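**Student:** Per my numbering, residue 1121 is the first one in the sequence shown, and the count goes up by one each step.
Just so you know, the hints here were simulated from the structure itself, not pulled from any lab data. Source: prediction; values computed, not measured. Check before you lean on any hint, since a few could be wrong.
[To be verified] Below are the EDC-like pairs computed for lysine to aspartate or glutamate, each with C-alpha atoms no more than 20 Å apart in a straight line: (1) 1331 <-> 1148; (2) 1395 <-> 1233; (3) 1331 <-> 1367; (4) 1395 <-> 1148; (5) 1391 <-> 1233.
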Amino acid sequence: MSEMTATNHLTKFGPHNPAKSILQQFRELYEYRGILFNITATTIRAQYRGSFLGATWTVLGPFFLLAIHVAVFGHLIGRGVPNYALYLISGMVPFLSFNQSCMGGCRSFTNGEVYLRRVYLPKLLLPTSTLLVNMFSFTCTFASVMLLVPFLHSRLSIHWVILPAAIFLLFMFNYGAIMLMAVINVYFRDMEHFTAAGLRAMYFLTPVIYKSQPPLPEVVITINTYNPMTYYLIFFRSALYSNTWPEPRVWLITCCLSLGMFSLGLLVLRKFQDKIIYAL
1121 MSEMTATNHL TKFGPHNPAK SILQQFRELY EYRGILFNIT ATTIRAQYRG
1171 SFLGATWTVL GPFFLLAIHV AVFGHLIGRG VPNYALYLIS GMVPFLSFNQ
1221 SCMGGCRSFT NGEVYLRRVY LPKLLLPTST LLVNMFSFTC TFASVMLLVP
1271 FLHSRLSIHW VILPAAIFLL FMFNYGAIML MAVINVYFRD MEHFTAAGLR
1321 AMYFLTPVIY KSQPPLPEVV ITINTYNPMT YYLIFFRSAL YSNTWPEPRV
1371 WLITCCLSLG MFSLGLLVLR KFQDKIIYAL
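Please model the entire structure based on the sequences and the hints provided.
**Tutor:** Pasting the structure below:
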């Protein structure tokens, strides 16, 4: 999109029209789709620039992490969990996606400052680009995991039909988290470091490597119950691990969490979108 076109869009969509509806904001994002995809592609290429294996690390990284977890926790924790490798990977994939979304969200505006200062861009564009980068990583990892599933003593199941719903709800939640983190980190630059520390703690307070059941302490089980990521893990494991349908309660809670986080992130972004450039 040329600078003149961008200027025309500034008049139509930009700060002169602060009362844009949500529909108008996403329409504006669509108008800038060329820039969106260019920034996304540039970010993905930059992640692997100078690397011999390039984007292959998108697949190799999680595999190495999984192998280490199976080797270490398989003996310490996984003895009472049938097919522990499949249990672990079906929980690790969605949690890693959430982790990458939160960390990427913190950097959305701070890393994209150069774009915002050159020309008007919809404030949704950079968080959306972060989401697309995360979706690329998730797709590569998940596709390779699905190729591994038959070798992990699993089988094709009708319950796999819920995977698209599980992925959609996860990314809706991630999108809201990205928008929220992006805005907070503009005003509070230590947020990225607090988020990294918080995610490390959250990893062990989410039933990724263990089952949320006795003999775990009651306080850990209670934390698991109120941990939003627990319900996304249940969704993925229902399809890939236990071959069951999620309970209606899990459907309801997960849908509410996704809608709630997306709405909160969008609300915060809309409130601060015209002030962000002055805080960078």
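**Student:** Hints first: check each against the structure and report whether it holds.
**Tutor:** Hint by hint, here is what the structure shows:
1. Restraint check: the Cα-Cα separation between residue 1331 and residue 1148 comes to about 44 Å, which exceeds 20 Å; the hinted pair is violated.
2. Annotation: proposed proximity of residue 1395 to residue 1233 holds, straight-line Cα distance about 13 Å (limit 20 Å).
3. Straight-line distance between C-alpha atoms of residue 1331 and residue 1367 comes to about 17 Å, which keeps the hinted pair within the 20 Å bound.
4. A hinted pair counts as satisfied when its Cα atoms are at most 20 Å apart, and residue 1395 with residue 1148 qualifies at roughly 18 Å.
5. Distance hint between residue 1391 and residue 1233 is fulfilled; the C-alpha atoms sit about 19 Å from each other, no more than 20 Å.
In terms of the numbered hints stated before, the structure departs from hint 1 and from no other.
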